[in-house]
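Q: From first to last, the protein sequence lines are chains V and Y. If you use our numbering, the first sequence closes out at 348, no skipped numbers anywhere. If you use our numbering, the second sequence closes out at 260, no skipped numbers anywhere.
Honestly, the hints are just simulated from the structure, not real lab data. By construction, the Cβ of each residue, glycine as well, lies at the ideal position given by its N, Cα and C atoms. Be careful, since some hints might not be right.
Pair ranges (Cβ atoms, derived) [to be verified]:
{"#": "1", "chain 1": "Y", "residue 1": "227", "chain 2": "V", "residue 2": "256", "range": "23 to 33 Å"}
{"#": "2", "chain 1": "V", "residue 1": "260", "chain 2": "Y", "residue 2": "126", "range": "45 to 55 Å"}
{"#": "3", "chain 1": "Y", "residue 1": "53", "chain 2": "V", "residue 2": "255", "range": "53 to 63 Å"}
{"#": "4", "chain 1": "V", "residue 1": "329", "chain 2": "Y", "residue 2": "42", "range": "36 to 46 Å"}
{"#": "5", "chain 1": "V", "residue 1": "18", "chain 2": "Y", "residue 2": "42", "range": "47 to 57 Å"}
If you want the ones that stay clear, here's a sample from chain V, every Cβ over 10 Å from chain Y, calculated [stated by the list, open to error]:
{"#": "6", "residue": "9"}
{"#": "7", "residue": "16"}
{"#": "8", "residue": "48"}
{"#": "9", "residue": "77"}
{"#": "10", "residue": "81"}
{"#": "11", "residue": "83"}
{"#": "12", "residue": "89"}
{"#": "13", "residue": "115"}
{"#": "14", "residue": "188"}
{"#": "15", "residue": "214"}
{"#": "16", "residue": "220"}
{"#": "17", "residue": "304"}
{"#": "18", "residue": "326"}
Chain V side only, calculated, beta carbon under 7 Å to chain Y, not exhaustive [to be verified]:
{"#": "19", "residue": "171"}
{"#": "20", "residue": "173"}
{"#": "21", "residue": "266"}
{"#": "22", "residue": "289"}
{"#": "23", "residue": "290"}
{"#": "24", "residue": "292"}
{"#": "25", "residue": "298"}
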Amino acid sequence: MLLCLGLSYARTPVEVRERVAVPGKDLPDAVKALTQLEDVDEAVIVSTCNRMEIYASSPSPSTAAAHVDAWLRDRFHLGSEIEFFQHQREDAARHLFAVASGLDSMVLGETEIFGQIKDAYAAAHAAGTTSRELNKLFQESFRVGKAVRNNTSIQRGSTSVGSVAVELAEKIFGDLRDSQVMLLGAGDMSRRCAQSLQSRGAKGIIVSNRSHERAVELAAEMNGTAITFEEWPAQTAHVDVIISSTAAPHTVIHPEQVLPALRRRRGRPLFIIDIAVPRDVDPLVHDIEGVYLYDIDALEALASETRQRRENEITQCLAIIEENIGSSPLFRPHHPYPPQRATLADST
Amino acid sequence: MSRELLVLILAALCYLGGFGYAVRSLRQGTYRPGRWTLLIMAIGGLCQTVFLHWRGREIGGCPMTNPFELLTFISWSIVVLYFIIGPAYRLSLLGVFTSPLALLFQIAALLLPESLAPAVPKSTHSFWGELHAALALVSYGAFALACAAGIMFLLQDRQLKQHRISPVLRQLPPIHYLTRAIRGLLITGTGLLTIGIVSAYRMEKLPPASKLTIVWIVWTLYASLILYESWRGMSARRAAATAAFGFLIPVISLWFIGRH
Numbered sequence: 001m002l003l004c005l006g007l008s009y010a011r012t013p014v015e016v017r018e019r020v021a022v023p024g025k026d027l028p029d030a031v032k033a034l035t036q037l038e039d040v041d042e043a044v045i046v047s048t049c050n051r052m053e054i055y056a057s058s059p060s061p062s063t064a065a066a067h068v069d070a071w072l073r074d075r076f077h078l079g080s081e082i083e084f085f086q087h088q089r090e091d092a093a094r095h096l097f098a099v100a101s102g103l104d105s106m107v108l109g110e111t112e113i114f115g116q117i118k119d120a121y122a123a124a125h126a127a128g129t130t131s132r133e134l135n136k137l138f139q140e141s142f143r144v145g146k147a148v149r150n151n152t153s154i155q156r157g158s159t160s161v162g163s164v165a166v167e168l169a170e171k172i173f174g175d176l177r178d179s180q181v182m183l184l185g186a187g188d189m190s191r192r193c194a195q196s197l198q199s200r201g202a203k204g205i206i207v208s209n210r211s212h213e214r215a216v217e218l219a220a221e222m223n224g225t226a227i228t229f230e231e232w233p234a235q236t237a238h239v240d241v242i243i244s245s246t247a248a249p250h251t252v253i254h255p256e257q258v259l260p261a262l263r264r265r266r267g268r269p270l271f272i273i274d275i276a277v278p279r280d281v282d283p284l285v286h287d288i289e290g291v292y293l294y295d296i297d298a299l300e301a302l303a304s305e306t307r308q309r310r311e312n313e314i315t316q317c318l319a320i321i322e323e324n325i326g327s328s329p330l331f332r333p334h335h336p337y338p339p340q341r342a343t344l345a346d347s348t
Numbered sequence: 001m002s003r004e005l006l007v008l009i010l011a012a013l014c015y016l017g018g019f020g021y022a023v024r025s026l027r028q029g030t031y032r033p034g035r036w037t038l039l040i041m042a043i044g045g046l047c048q049t050v051f052l053h054w055r056g057r058e059i060g061g062c063p064m065t066n067p068f069e070l071l072t073f074i075s076w077s078i079v080v081l082y083f084i085i086g087p088a089y090r091l092s093l094l095g096v097f098t099s100p101l102a103l104l105f106q107i108a109a110l111l112l113p114e115s116l117a118p119a120v121p122k123s124t125h126s127f128w129g130e131l132h133a134a135l136a137l138v139s140y141g142a143f144a145l146a147c148a149a150g151i152m153f154l155l156q157d158r159q160l161k162q163h164r165i166s167p168v169l170r171q172l173p174p175i176h177y178l179t180r181a182i183r184g185l186l187i188t189g190t191g192l193l194t195i196g197i198v199s200a201y202r203m204e205k206l207p208p209a210s211k212l213t214i215v216w217i218v219w220t221l222y223a224s225l226i227l228y229e230s231w232r233g234m235s236a237r238r239a240a241a242t243a244a245f246g247f248l249i250p251v252i253s254l255w256f257i258g259r260h
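Taking the hints into account, I'd like the entire structure generated from these sequences.
A: Following this line, the structure appears as structure tokens:
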């Protein structure tokens, strides 16, 4: 019978999570040690920055849970104040399916966890600590994770300001490998935003800042080019994305600077991200054809909308999980999974 | 019911199915342009090819002797161009907008009384005449696709300007790709129409002046758009709007040519 025991970001602070993290190189020994415990036949450890969970197969889950609990406290020197959540039988499977589907993640619907579970299972499988029950459970979880992602919108859209900016840039230009980015101001947020675009292929970064030394510094960090603040209007015809975050108390980008550049762009759109407060870009710029101006509120509103849409998908995701629990030869329907997201991680 | 009508109805059903599937999955946010979409479109196109082949053999030339055949030929051209142009511009989703266009032309053709009339063999053959008609109709197919791409552009531009990204918008191709596709389709269509018009002047007997005038009007619209865009520059939005709404002129011209 199945057992799941562990802790996650929902109830456990990072100070504790970092103590119980099991690095990839230590996984084989750790899972082997678990299967040495009494009543533990099979074991997989899923250890990420947000969770550390042990999945085990045992003829007696309650006894095994006590042994695993004691092993954890002993290995990581944890006191009795640290509580592990625990699921057994179908609930353990429900929990894994929810985790694999991104329903239990800090960023709802994120996909990275799916790969992390695959890696964790592969490590345990290679160490020889999985057999019939956990093999079946994890294969099912991969299938369910895919089904949830393919049949719902749980992973669609962007949930942070930076990722919304990247999504919009891709919506406008497609492949960013042909795109040039210009940073006005050398703030941390604009740097992160530019790095996100760079990670998606944006080929050239131009940095312009009132303090030229700071521009040179940031350009060097990002493999870009620094220009003086007086030079940026001339570059508008050549760049595709402008990220503005100067500390100016007034607007610095005006329609009369953008219009002449647009004529030379021959129909190629211009995407301007204004993350400065007070705003750097005159809102009238957005009225120019071919220019898409997004300020921090517009980006945050889109991110928030996506987060809300993902929340709305939870019921449908849970229904898919229930359907698979019910149809799987490994499990029989038990009580339904709690329909509130918070309870996914909090239930013990 | 004749076998010719049957294959055309099958083609229309394919386009309807493809469109229905795309709309449903777009609304659900789960659209994935895949083999099934392409297969459905390909089966529809194949049915029309079979019809055009049968009809061509019966009449002994290009089957463009009445409005029913003209509309079917355009519908077929749209699908063929979709398969050629779509991959070139990475616009797989163009199929979502192509299938209703192809369906519209095919249904319109089937509703015409000429669809029930038997094929009338041609008494005379003119290579230049058939080349003129075929190229003109294929060019209309290119303009129809440019119209579809233009509509997609306008929908996205509107949403991006409103700071919204609907689930449908997320799945549409990037507007820069659409801009390139519109330009490419307009140039392709105008080029084909130019050759079609030149072919008309190589015919032993010129087509009626009224028909030629109409074709010249269509050519002037698109050629001016391309020239203006190349020389003076034009915002992508205006080019898209012209491609989308300008397609009304070829549609009206078809009605006129079909009736005369």
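Q: Please go over all the hints and tell whether each is borne out by the structure.
A: Now for the hints, and whether the structure bears them out:
{"no.": "1", "hint": "Y:227 <-> V:256: 23 to 33 Å", "verdict": "29 Å, holds"}
{"no.": "2", "hint": "V:260 <-> Y:126: 45 to 55 Å", "verdict": "53 Å, holds"}
{"no.": "3", "hint": "Y:53 <-> V:255: 53 to 63 Å", "verdict": "57 Å, holds"}
{"no.": "4", "hint": "V:329 <-> Y:42: 36 to 46 Å", "verdict": "39 Å, holds"}
{"no.": "5", "hint": "V:18 <-> Y:42: 47 to 57 Å", "verdict": "55 Å, holds"}
{"no.": "6", "hint": "9", "verdict": "27 Å, holds"}
{"no.": "7", "hint": "16", "verdict": "38 Å, holds"}
{"no.": "8", "hint": "48", "verdict": "27 Å, holds"}
{"no.": "9", "hint": "77", "verdict": "47 Å, holds"}
{"no.": "10", "hint": "81", "verdict": "44 Å, holds"}
{"no.": "11", "hint": "83", "verdict": "38 Å, holds"}
{"no.": "12", "hint": "89", "verdict": "32 Å, holds"}
{"no.": "13", "hint": "115", "verdict": "20 Å, holds"}
{"no.": "14", "hint": "188", "verdict": "24 Å, holds"}
{"no.": "15", "hint": "214", "verdict": "31 Å, holds"}
{"no.": "16", "hint": "220", "verdict": "30 Å, holds"}
{"no.": "17", "hint": "304", "verdict": "12 Å, holds"}
{"no.": "18", "hint": "326", "verdict": "23 Å, holds"}
{"no.": "19", "hint": "171", "verdict": "6 Å, holds"}
{"no.": "20", "hint": "173", "verdict": "5 Å, holds"}
{"no.": "21", "hint": "266", "verdict": "5 Å, holds"}
{"no.": "22", "hint": "289", "verdict": "4 Å, holds"}
{"no.": "23", "hint": "290", "verdict": "5 Å, holds"}
{"no.": "24", "hint": "292", "verdict": "5 Å, holds"}
{"no.": "25", "hint": "298", "verdict": "4 Å, holds"}
Violated hints for the displayed structure: none, as all numbered hints are satisfied.
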